[in-house]
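Colleague: As you go down the protein sequences, you meet chains A and B in turn.
Heads up: the first sequence begins at 1 in full-length UniProt numbering, then just goes up one per residue.
Heads up: the second sequence begins at 1 in full-length UniProt numbering, then just goes up one per residue.
There could be a bad hint or two in this list.
As the list claims (entries may be wrong) - A short, non-exhaustive set of chain B residues, derived as facing chain A with CB atoms under 10 angstroms:
(1) P72
(2) K74
(3) I76
(4) Q88
(5) F94
(6) D95
(7) R96
(8) N101
(9) R152
(10) V209
(11) G214
These aren't lab readings, by the way, just hints derived from the structure by calculation.
Glycine included, C-beta positions come from ideal geometry on N, C-alpha and C.
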Amino acid sequence: MATEPRQHQGASRRAESPRRSDAPRRGAEQHRIGLADRSRGWLRHHIEVARQALLRLWSTPLASLMTLAVLAIALALPGFIFTALKNVDQLTAGLDTDPHISLYLDVSLSDERIDSFSRELLLRDDLASVELISRDKGLEDFKAYTRFDDLLEFFDSNPLPAVITLIPRHDDPAQLQVLQQKLAALPEVEEARLDLEWVRRLGAFMALAERSAWVLGGLLALTVLLVVGNTVRMTIESRRDEILVSKMVGATDAWVRRPFLYSGVWFGAFGALLAWLLAQLALALISEPVQALAALYLNGYVVQGLGPVESLALLLIGILLGLGGAWLAVGRHLRDIEPG
Amino acid sequence: MTAIRFSNVGKRYPNGHDALVGLNFTLESGELAFLTGHSGAGKSTLLKLIMLMERPSRGGVWVGDRDLTKLPHKQIPFHRREIGVVFQNHQLLFDRSVFDNVALPLQISGYDPADAARRVRAALDKVGLLSREKLNPITLSSGEQQRVGIARAIVHKPKLLLADEPTGNLDPDLSEDIMHLFEQFNRIGTTVLIASHDLSLINRLRHRVLHLQGGRLVADGY
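Construct the complete structure from the given sequences, taking the supplied hints into account.
Modeller: Next up, the structure:
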């Protein structure tokens with residue numbers, strides 16, 4: 001008896017739609033709306049629910065815009081920071097970060113001796129490259145790159161030592177220090193300086209910045225979850241009657257949940273789009289001074305915006321956070337709205 | 001065939017109030033019966049047990065051959081889709097048209113929109129409101145609103161129709177119209193159970209009456 005209503009529906013359904021297969025079916029199958037029909041209905045329902053959720057968003061433009069603005073800022077900030085870090089990473093990748101050892105030679109050495117000393121160094125197998133900057137070349141560079149060329153007039157002769165820049169074959173810090181000490185002990189060498197510290201400092205600084213960005217990103221992701229959750233919670237309250245009636249006439253939990261999840265998805269997606277615009281705008285604003293700064297150190301460096309992969313990731317993260325926030329709110333509040 | 005069977009059903013609310021005590025009755029398929037009693041006698045609780053809005057504290061409830069005490073939570077929506085319900089305060093949604101109100105159960109069950117539209121119009125035609133389908137139900141009279149509620153309850157042609165005080169807010173003439181509407185559905189085979197305290201009307205209609213008092217069934221007859 002309990003299954004008869006469906007049987008009734010099934011019978012009249014077939015009578016009304018002759019194009020459907022009229023092969024006589026028996027048993028339980030007869031009671032059901034066909035699987036193809038149901039999946040078509042399911043898809044139609046999803047599209048309809050998504051459309052209505054979108055319309056609901058537009059029906060309260062000001063409130064929606066405020067929410068979206070909060071979401072956009074929360075999403076844009078990490079987006080902006082990660083893009084900035086990516087740029088710094090790229091900048092340092094362009095720099096030669098191999099450890100250098102600079103040998104400042106005794107100023108009393110003759111040019112010939114300097115020349116032969118640098119050739120001796122070339123023979124060592126613990127060095128990858130040897131570059132000699134002669135005293136004259138050093139003087140030229142000093143005049144070209146600094147404003148202190150007037151200073152040189154105070155000297156009778158060239159005060160600059162010859163410098164040999166070495167790139168060691170190994171970059172193990174302990175070995176490098178041993179090598180530095182050995183080179184410093186050579187009689188021709190006045191001073192041997194290992195240019196390693198700044199690379200290490202930069203690396204540590206970048207790691208710290210990246211870690212901070214992740215922490216900040218996590219906090220802001222939580223913000224997105226809570227903002228969407230709260231907005232969806234208010235929507236649920238305002239549609240309480242509809243939820244009750246729907247449940248009374250046989251709506252499943254999934255059916256009741258669906259419109260709110262779509263609201264969350266739309267909030268996340270539009271929030272992410274706005275965030276993308278904000279991040280690009282912010283990058284455009286700082287691009288000029290960064291470019292000017294970069295030009296001082298590196299030629300041909302271009303500030304990178306959010307690329308297609310990052311943009312897609314931002315959109316996806318926005319959607320997932322929106323969906324997650326809605327899911328939390330719906331799970332928490334729909335349970336309370338039960339007819340009875 | 002049995003449409004509804006209550007076997008020694010008791011319902012005690014968490015506050016200790018016994019809403020129903022030792023309730024036994026059966027409603028045969030195709031029957032029309034009234035459920036009477038003062039407010040608080042347990043009429044609404046009885047209907048809620050059939051709809052699975054409440055679970056009994058003891059005893060068993062069967063709808064058709066389905067044992068509701070064994071029905072898992074996930075199956076409740078599908079159980080409700082096989083029953084039509086009319087509420088006293090009609091429970092219409094005022095954010096949509098009469099048509100969309102009646103179409104709601106069909107949307108939920110996943111009917112094809114064209115098929116659903118035919119069924120909605122057929123249901124509205126039966127309650128005499130076909131011309132009002134585009135209106136918002138808030139613009140209708142209370143009698144008309146109740147008929148929209150009835151159209152929504154029968155649009156999916158349920159075998160079992162429940163009504164909780166369907167004439168509670170209506171004047172006598174309208175009440176009689178509504179009851180005749182239920183009789184029409186009963187004549188085409190629908191099992192109907194109506195909770196009402198409108199005794200004078202019920203006595204005129206001459207159907208089976210289940211009388212509740214303090215949660216107990218104290219009279220069952222014609």
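Colleague: Does each hint hold? Answer for all of them.
Modeller: Hint by hint, here is what the structure shows:
Because the closest C-beta pair between B:P72 and chain A is about 13 angstroms apart, greater than 10 angstroms, the hint is violated. The beta carbon of B:K74 is positioned within 10 angstroms of a beta carbon in chain A (closest approach about 8 angstroms), and the interface hint is therefore held. For B:I76, the suggested interface contact is upheld, since its CB lies about 8 angstroms from the closest CB of chain A, less than 10 angstroms. Given the 10 angstroms rule on beta carbons, the hint for B:Q88 is violated: about 13 angstroms separates it from the nearest Cβ of chain A.
About 9 angstroms separates the beta-carbon of B:F94 from the nearest beta-carbon of chain A, less than 10 angstroms, and the hint is met. Hint on B:D95 holds. Least Cβ distance to chain A is approximately 7 angstroms, under the 10 angstroms limit. At about 9 angstroms, the closest approach between the beta carbon of B:R96 and any beta carbon in chain A falls short of 10 angstroms, and the interface hint on this residue holds. A cut of 10 angstroms between beta carbons decides the hint on B:N101: the least distance to chain A is about 9 angstroms, and the hint holds.
Interface restraint check for B:R152: the shortest CB-CB distance to chain A comes to about 7 angstroms, inside 10 angstroms, so the restraint holds. Nearest Cβ of chain A to the Cβ of B:V209: about 23 angstroms, over the 10 angstroms cut. The hint is violated. Below 10 angstroms, beta-carbon pairs count as interface contacts, and B:G214 has none with chain A, the closest being about 21 angstroms; its hint is therefore violated.
Consistency note: the structure conflicts with the earlier hints numbered 1, 4, 10 and 11.
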